[in-house]
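Using UniProt numbering, read the sequence shown as starting at 1 and increasing by one per residue.
Treat the hints as calculated values from the structure; they're not laboratory data.
Treat the hints with care, since some could be wrong.
Cross-link-like lysine-lysine pairs, in silico, BS3-like; alpha carbons within 30 Å at most [to be verified]: (1) 444 x 378; (2) 378 x 438; (3) 145 x 286; (4) 124 x 86; (5) 351 x 381; (6) 291 x 277.
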Amino acid sequence: MMDNQPSRQPPGSYRPEARFANLDSKMNVFPAVNIPKVLLRSDSSVDLSVLTQAINNMRICTHPTHATNPVTFTKFSELPVELQLKIWNEAARESRIIQLVPAKHHLGDQGSHLDYAISRSSLKVPAVLHICHNSRTEALAFYEKRTFQHAAKYRDYPLPDRSNDALEDRFLEAEVALASPEKEHPFVYFNPVLDALLFGEDTCIGIMLEVFRLGQEIQQVGFFTSMKGCCGGDITSSVVNESAAVKILKALHGDTTEPALHMYQGFNPNAGCRGLKEVMVVVKSKLWNLKSEEINELVGWRPARCTGITNDEMSAYSILDRSVQLCKQGVSLWDKVPFAKPEWNKWTGTKLPRFNYVNFAPIDTENTTVPKHLDGMKISKYSMTRIRHLLTPDALMKAEVESGGCQLFILEQSDSAEEVYEVGLWGTKASNERAKIKVREMIKNIMQQDSKKLVDSGTYTRLPSFSVFDSFLEKRRR
């Protein structure tokens, strides 16, 4: 459905496949191998008219079936209204990532870090809200209109496309615009139970505090490990004599200290993120390293397998995870504050939110019966050099691994200093797990063969264990 869409990008503009660089470059230490098509699309947005038609026709997949395409159900309009409403109710239960980004006039200094906006891609209205009257009525039970901002400002914020909204909503917005010379903040349809609010990569703790001051309940919050403590600094920078990682957790919990002021203002039991149940810590991955403008309704989460791309990101991950583990052990974030009170710690027992380390992953819209998922597995540099030729398109070992329905792929690796690489997997959850087992067995067999050669040659007199063999060979090479 999406592959037939013409690209909306002008010639010479940024192409997502550029993340994988030139596959034929002679400068690459390791060229890319077998990249899945879903990761190379130049435009991942869905044409609204096509999507609306697909939902209206209610493409229903039957079990079992040997048909190539799902069976199309064309009698939806003849179903009882009660059954139609139940179907629309189910269709409205789609989770999304709503991203906050710095406003385009953001200056990057301490005084401007509170200027932010909802990203353009997040402003897109869910299709179920404008298919028909019944679908909209049922969906509005799930969605709320939110701006995540305070009073209107005169700034030039991005305006959403409201052409498909209900007529009364468009008239209401027009009246508000005429009544006030200032531009109103554009709202987003937000599902407080399923949607996650993501603080974009270029946002800082000051923006996080500003959003939480609204007092709105947000059950799922996401932020990057590279999130700034204050404009111009990263998560490892000092904010009020403590790491920004701890400061982020305190902002979620109830701290009110402004990073730009660099002075302690204290704990407020009514501050923090109200209703917080789950925290998504976004870790960058080379398998699908998206830019902010590429995060849309077709982007979801997957469990993170690595701790970052750069050394700074890995360090930030380590600092943050240590603080999270202390919270799980019941240690208060204010444990080292002399005048702190025990009741300040709200994250006790079931009140502690779940912390998940995640990467971005594409949502499979082509395999609706058993969707495919992006996943990865870590292997060492030596293992990569030894198995790479076995995973090329013509290799029998690759065919054996992918016989279970999982497509293996390896990104271009141009940095020879990297110690750990991530092999990509694209398939169902079950096929991905089977592929991981086969790859581990393949690496283990190769390591044992290499170890035997070393022993037979007299270079090494004792068979090293599989777990330490990589480090042994790395030291020997140095």
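Status of each hint after checking the structure:
no.: 1; hint: 444 x 378; in the structure: holds (14 Å)
no.: 2; hint: 378 x 438; in the structure: holds (14 Å)
no.: 3; hint: 145 x 286; in the structure: violated (35 Å)
no.: 4; hint: 124 x 86; in the structure: holds (24 Å)
no.: 5; hint: 351 x 381; in the structure: violated (41 Å)
no.: 6; hint: 291 x 277; in the structure: holds (27 Å)
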